[in-house]
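Each residue of the sequence shown is one higher than the one before, counting from 1 in my numbering.
Source of the hints: derived by calculation from the structure; they are not laboratory data. Cβ coordinates follow ideal geometry from the N, Cα and C atoms, glycine included. Any given hint might turn out to be false.
Listed next, with one range per pair, are the computed distances between beta-carbon atoms [unchecked claim]: (1) K216 <-> E9: 39 to 49 Å; (2) H167 <-> G6: 32 to 42 Å; (3) G188 <-> R227: 15 to 25 Å; (4) V16 <-> W252: 32 to 42 Å; (5) G78 <-> D194: 49 to 59 Å; (6) A281 <-> Q141: 15 to 25 Å; (7) I249 <-> Q141: 13 to 23 Å; (8) P261 <-> G78: 13 to 23 Å.
Think about it this way: if two alpha-carbon atoms lie no more than 30 Å apart in a straight line, the pair counts; the simulated BS3-like pairs of lysine-lysine are [said to hold, decoys possible]: (9) K216 <-> K60; (10) K166 <-> K307; (11) K307 <-> K60; (12) K166 <-> K216; (13) K307 <-> K216.
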Amino acid sequence: MSASYGPPEIVRIAEVPTPRPGDGELLVRVHATTVNRTDCGYRAPHPSWARVFFGLRRPKATILGTEFAGEVVEVGPGVARFEVGDRLFGYVEGTFGAHAEYLTVAEDGSVATIPDELSHVQAAPATEGAHYALMMLRAAQVAPGSDVLVYGATGAIGSAAVQLAKHLGATVTAVCATDHVGMVEGLGADRVIDYTAGDFTRHGRTYDAVIDAVGKATFAQCRPLLRARGIYVSSDLGPYGQNVALSLITPWLPGRTVRFPIPRHDQEMIASFRELLATGAFRPVIDRTYPFAQIVEAYRHAESGRKVGNLVLTVVAPDADRT
């Protein structure tokens, strides 16, 4: 938990009362959770003006954690969709609380049962990066036959974007560093560009959409990559928040446009990810798995710039998890 803003070192583990489920709620024993970009953004916070929403002097949510996988141990009055013993995964940005041994969630929230063949560790990182990726692909109007470039294909968002774009029937060109070319090819990318070997914007091809999954490029930089009516989508606001402004202006102009979707999570989202997990069309990439006691180390690695895919925290030891 974190009662103030700051670097990873402000996070500490503390004893708190076990929550009780209310009407329509589930009490979940958390087996695995993650440390992700959203958690880091709320803890720091980033951008700084986000304090207006997160809490001006201190965070409103002191127990962070947006993704979880675990087991229902109690149900509140009126619960009909789930029962004690069900294995669930889900996403709780807004209410947070997944960095804990127990978590209450609404049964009609972003929760679904874990496919039988997946462990809690495999299911926990299936929502945060993936839901951002899905919103970006939808904003870019990716459909069967689309030609898409994913910049930053090794992060939680980028690795999900490659897999989801392929599932949607697109041809995918992915951009990453030399060490990860093989991994990205394994995600299904049709072509991989090594950005360390040269400027990825100058390889002579154009695309229907450019997905900047790390928010380190700009529309001006990527514009030459776009076809006449191509769409640029970034996971970041851009310098001085320009991507928001451009998303309001460029759709009214002829030619290439910028889209900046507002991510949302709901039952439809979680159901679609459950189906993709069950069929094997999507598998979250896991960089490292930490015991819960090493949450500070996980935060440090998340912000190191070297993270590949997702970082998982095991709250229940894997040998006790039985999955």
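Here is how each hint holds up against the structure:
At about 26 Å, the CB distance of K216 to E9 disagrees with the hint of 39 to 49 Å. As the Cβ distance of H167 to G6 is approximately 39 Å, the hint placing it in 32 to 42 Å holds. Against the hinted window of 15 to 25 Å, the Cβ-Cβ separation of G188 and R227 comes to about 22 Å, which satisfies the hint. Restraint check, V16 to W252: a C-beta distance of roughly 50 Å breaks the suggested window 32 to 42 Å.
For the hinted restraint 49 to 59 Å between G78 and D194, the CB-CB distance of approximately 54 Å keeps it satisfied. Roughly 20 Å separates the CB atoms of A281 and Q141, a value that falls within the hinted 15 to 25 Å. The given range of 13 to 23 Å is respected by I249 and Q141, whose C-beta atoms sit roughly 18 Å from each other. One distance hint, 13 to 23 Å for the beta-carbon pair P261 and G78, is violated here, with the actual separation near 33 Å.
Note on K216 and K60: the hinted pairing holds, with a Cα-Cα distance of about 29 Å set against a maximum of 30 Å. This hinted pair checks out: K166 and K307 have alpha carbons roughly 23 Å apart, not beyond 30 Å. Only pairs whose Cα atoms come within 30 Å are accepted, and K307 paired with K60 is accepted, the gap being roughly 27 Å. Between K166 and K216 the CA atoms are separated by roughly 23 Å; this keeps the pair inside 30 Å, and the hint holds.
In summary, the hint linking K307 to K216 is supported, as the alpha carbons are separated by about 15 Å, within the 30 Å threshold.
Checked against the numbered hints listed earlier, the structure breaks hints 1, 4 and 8; every other hint is satisfied.
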